[in-house]
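K.L.:
Quick note, the sequence shown lines up with residues 3 to 522 if you use our numbering.
Hints listed in this document are in silico derivations from the structure and should not be mistaken for laboratory results.
Any given hint might turn out to be false.
[As the list claims (entries may be wrong)] Taking lysine to aspartate or glutamate and the EDC-like style, the derived pairs with C-alpha atoms no more than 20 Å apart in a straight line are:
1) K322 x E340
2) K322 x D338
3) K155 x D122
4) K157 x D135
5) K6 x D95
6) K157 x D95
7) K322 x E311
8) K155 x D95
9) K6 x D18
10) K6 x D367
11) K322 x E278
12) K322 x D310
13) K157 x D137
14) K157 x D130
15) K155 x E208
16) K513 x D387
17) K6 x E340
18) K513 x E390
19) K322 x E390
20) K6 x E293
21) K155 x D130
22) K6 x E339
23) K322 x D367
24) K155 x D137
25) K155 x E140
26) K6 x E63
27) K157 x E123
28) K155 x D135
29) K513 x E391
30) K513 x E478
31) K322 x E391
32) K322 x E339
33) K6 x E34
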Amino acid sequence: MRLKFHCQNRIGILRDIVSHFADYGVNVARGEVGGDHGNTIYLHLPHLLNAQLATLRPTLEAIPGVFSVRRVSLMPSERRHLELDALLSSLSDPVMSIDMEGHIVAANRAAGQMLGVRIDEVPGLSLDRYLHDLDLPELIRRNNARVNGLRLKLKEATYLADIAPLHSENDDDVASLAGAVVTLHRADRIGERIYHVQRQELRGFEAIFQSSPRLATLIREARRMAPLDAPLLIEGETGTGKELLARACHLASSRGQAPFMALNCAGLPESMAETELFGYAPGAFEGARPEGKLGLLELTAGGTIFLDEVGEMSPRLQVKLLRFLQDGGFRRVGSDEETFLDVRVICATQQDLPALCTAGRFRQDLYHRLNVLSLQVPPLRDCLDGIEELANHFIDRASRQIGCSMPRLSPAALARLSSYHWPGNVRQLENVLFQAVSLCEGGAIEPSHLRLPDVGPTPGLAGIDLDGGLADILGEVEKRVLAALYPQYPSSRLLARRLGVSHTTVANKLKRHGIGEEAS
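Please build the complete structure, drawing on both the sequences and the hints.
P.N.:
Now the structure itself:
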């Protein structure tokens, strides 16, 4: 059991508190002093029973200078350790702390994978085993300052190393080198890293391309809902950018400077999803960390948690999530202590949640708790009126990443993009155009550069606006037909012969709809 004492900072108060536990024969395993003025004392008493605490509490609170006594789930140092561990584990780059003899003191999971050992086997390893041509401690002594981008070879791979020296102070307040933190970046992925940095330059709603009127309408609705501190449900097919929209709503809210954490509920076993979301107590199960684990909810305190594919959540987790939405409280796995947090919940799904409720696979009460605010992200096939602008945006971005000049999108390739049904939506379009830029050797992307698999049926009226009159609707259908056939019959004469109409009729229609070279 861990106790927190809010108290006066006076000489002897710790002795007065601890003496009562000694009278009961209860050992104090560890103590910590916190607060800005040393007015908080934490004690870890592993063998203190609830009944003993109930008996002792009035006596403890009667100690002069003790204002309150309450249970806590973690000591401050334990929380810092868990938060640091969670942070390091989330980093994809290897990070190691080394001493001045070149031995690894601590490392994250990525470093263990790079070295080919379990994470618990990393501490104590000597870097000499892996770095044969570099004396890293000597380099740290020689520079005694941060080193960025040092090129080195480790385990047959080339890395760029960022080295930050660590200093300690002795009794005379003289700083001395104690080691360094080394972060390794794969040299062959620097281009990818630059690309991802560029993607983060625009944040929030500015990062969402609004080339279609339907997308512009969606963003207007999202901007109005973002500041409202209530659960938000985002519905849409795979690849439509639901998480991007959730992040934008978070950044536009009063929680924008607080953490944003995401958990994909699909494909995770129930036990893993539960510990990831809610965490677990020390010794909760065999193989658990002795200090326990913070869940994403606690790491998100004050911010926003994004639950993707919430329709895949198990019944047990649905109950725990419902309870959290109702009163803000939950229990870690293996713990009987309540934790209360202020976290906004944003969920996303590509499933029909009302149908799942009817089938008994999703709780009706949870659905109504999640569906306070809702946004429907349209599929790409319903936004094809803006596909040219969106395609050029992705081509420009792919060209920057690859490091080549930006090719133009030929009319035939645009027609092919406009006639495709896009089962993978915007994500698929981005991937297809990245591949097209990598395949393109000339100055234009042609249909042959577009690798578009026929996955699933093409919806008959997909992407056709049915709000106008019959002439408008038929005009849209005519445009879709011409756009679909033009890549196979890339001239007005060939297309006219295919459709059984005059060359002049087809040429005029191509020009009217902006398809092919005749339109230029």
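K.L.:
Hints first: check each against the structure and report whether it holds.
P.N.:
Evaluation of the provided hints:
no.: 1; hint: K322 x E340; verdict: 12 Å, holds
no.: 2; hint: K322 x D338; verdict: 14 Å, holds
no.: 3; hint: K155 x D122; verdict: 24 Å, violated
no.: 4; hint: K157 x D135; verdict: 12 Å, holds
no.: 5; hint: K6 x D95; verdict: 37 Å, violated
no.: 6; hint: K157 x D95; verdict: 15 Å, holds
no.: 7; hint: K322 x E311; verdict: 16 Å, holds
no.: 8; hint: K155 x D95; verdict: 15 Å, holds
no.: 9; hint: K6 x D18; verdict: 15 Å, holds
no.: 10; hint: K6 x D367; verdict: 37 Å, violated
no.: 11; hint: K322 x E278; verdict: 13 Å, holds
no.: 12; hint: K322 x D310; verdict: 16 Å, holds
no.: 13; hint: K157 x D137; verdict: 16 Å, holds
no.: 14; hint: K157 x D130; verdict: 12 Å, holds
no.: 15; hint: K155 x E208; verdict: 40 Å, violated
no.: 16; hint: K513 x D387; verdict: 16 Å, holds
no.: 17; hint: K6 x E340; verdict: 15 Å, holds
no.: 18; hint: K513 x E390; verdict: 16 Å, holds
no.: 19; hint: K322 x E390; verdict: 45 Å, violated
no.: 20; hint: K6 x E293; verdict: 18 Å, holds
no.: 21; hint: K155 x D130; verdict: 12 Å, holds
no.: 22; hint: K6 x E339; verdict: 14 Å, holds
no.: 23; hint: K322 x D367; verdict: 12 Å, holds
no.: 24; hint: K155 x D137; verdict: 13 Å, holds
no.: 25; hint: K155 x E140; verdict: 17 Å, holds
no.: 26; hint: K6 x E63; verdict: 12 Å, holds
no.: 27; hint: K157 x E123; verdict: 17 Å, holds
no.: 28; hint: K155 x D135; verdict: 9 Å, holds
no.: 29; hint: K513 x E391; verdict: 19 Å, holds
no.: 30; hint: K513 x E478; verdict: 14 Å, holds
no.: 31; hint: K322 x E391; verdict: 44 Å, violated
no.: 32; hint: K322 x E339; verdict: 14 Å, holds
no.: 33; hint: K6 x E34; verdict: 10 Å, holds
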